[in-house]
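**Student:** Following the hints, complete the assembly by docking chain G onto the known chain L.
These protein sequence lines map, in sequence, to chains L and G. Note that our numbering gives residue 76 to position 76 of the first sequence, counting from 1, and the numbers run on in steps of one. Just remember that our numbering sits 1000 ahead of the position in the second sequence, which is counted from 1.
Errors might be hidden in some of the hints.
Unchecked claim - Straight-line alpha carbon distances no greater than 25 Å define the calculated DMTMM-like cross-link-like pairs of lysine to aspartate or glutamate that follow:
id, chain 1, residue 1, chain 2, residue 2
1, G, K1068, L, D98
2, G, K1001, L, D98
3, L, K57, G, D1027
4, G, K1042, L, E82
5, G, K1001, G, D1084
6, G, K1042, L, E75
7, L, K1, G, D1039
8, L, K57, G, E1003
9, G, K1001, G, E1017
10, G, K1001, G, D1039
11, L, K1, L, E75
12, L, K57, L, D98
No wet-lab data here; the hints were simulated from the structure.
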Amino acid sequence: KAGVTQTPRYLIKTRGQQVTLSCSPISGHRSVSWYQQTPGQGLQFLFEYFSETQRNKGNFPGRFSGRQFSNSRSEMNVSTLELGDSALYLCASSLGWDSPLHFGNGTRLTVT
Amino acid sequence: KQEVTQIPAALSVPEGENLVLNCSFTDSAIYNLQWFRQDPGKGLTSLLLIQSSQREQTSGRLNASLDKSSGRSTLYIAASQPGDSATYLCAVRPNNNDMRFGAGTRLTVKP
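Here chain L stands alone, though its shape is the one from the complex:
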C-alpha cells in the first residue's frame, strides 16, 4: 500500500510569490491534515480536512489556505510568501481521529 505522497519535495520561491503544495493520502484515508515544521516553533498544526470539509484550522494568517478534493487528495496554498514561511510542510492522513496519523516526507519550502 502506497504511503502519503507529497509533491514537490523541494521548492524555492521569492517573497511575494504564491505556492501550492500537494498531498495524496493513503488509499481509503479520508482525513488529511497539514503541519508546518520549523527549528524554532517545532510542529504546528495548519488545518485538517475530512471528506472535503475543513474540520479544524490552526492559528495561521489567512494567507494559508487549503482544500480537499473528492478523491481525498489535498492541496495547501500560501499566498504573498514571506521569509518566515520557509519551513518543512508536512501532510498526514488517517482513517479518522481514533486512528494513527501517517505522514509524508514533506515539502521543503525556501523563501528568498
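**Tutor:** Below, chain G without anything else, positioned relative to chain L:
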C-alpha cells in the same frame, strides 16, 4: 490551551541500554496520544497510538504508557540500537481538536 512538553531534549546512550522518554501534557481531556520518530529531513513515522481509555501499548522493543490523570506518557525502548537514533515526538489529540506536538527528544545511540 493544551501544551506538550518532552524531557529531555536530547539523550545519548550506549548501545544495548534500556531507556525512557518522557512526555507531559497540561490538559487531561485528550482523545488519544501518539508517539512518532523522525529521521533527519524526513516525515514522521508512527510508532504507537494510545487511546484515552488505554494504559499502554507495545510494539516489539517499544512500550508506551499513558497516565491521563497526571498528564504523562512514557516511551520505553528496550535494548537500544544505533538504528534507533532519531528524534522522538509525542502528540496529543485534545477532544474534538487538532494534534498538539511536543518539541521532541533527540536520541543518539552510540555503537
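**Student:** Any of the earlier hints contradicted here, and which numbers?
**Tutor:** 5, 9 and 10
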